[in-house]
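Using the sequences plus the hints, can you model the full thing?
Taking this note's numbering, I'd label the letters of the sequence shown as residues 1362 to 1449.
Treat the hints with caution; some may be incorrect.
27 Å max Cα-Cα, derived DSSO-like pairs, lysine-lysine [claimed, not checked]:
| hint | residue 1 | residue 2 |
| --- | --- | --- |
| 1 | K1433 | K1396 |
| 2 | K1449 | K1407 |
| 3 | K1396 | K1407 |
Just so you know, these hints were derived from the structure itself, not from any lab.
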Amino acid sequence: MSRDMVLMTIACPEGEPGLDRAAELLGVPAAEMDKGFGVVVLDPQKGLYAVQVHETAISQRPTADTGGQAVKGPFSNPRIEPFGPTRK
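As structure tokens, this is what we get:
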């Protein structure tokens, strides 16, 4: 059975975090991070990055977001597929 993933944004002003640091910022185990998705730069000047995490790990975090800028989400990440038949 496949587990659903959600997108989260994190602020890491000290530079691009690895998956372990991103997991620490999110308060989830590193094993719950999508290693294939990795850490995606959104805004390097603001130190904003996106990661994909198992939905259940986010819902089981010990602390909720406090409204700060460090962590935002979860956001959906729907599969983008063609609308209608493809042209040949």
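When the structure is checked against the list of hints, which entries are broken? Sort them ascending. 2
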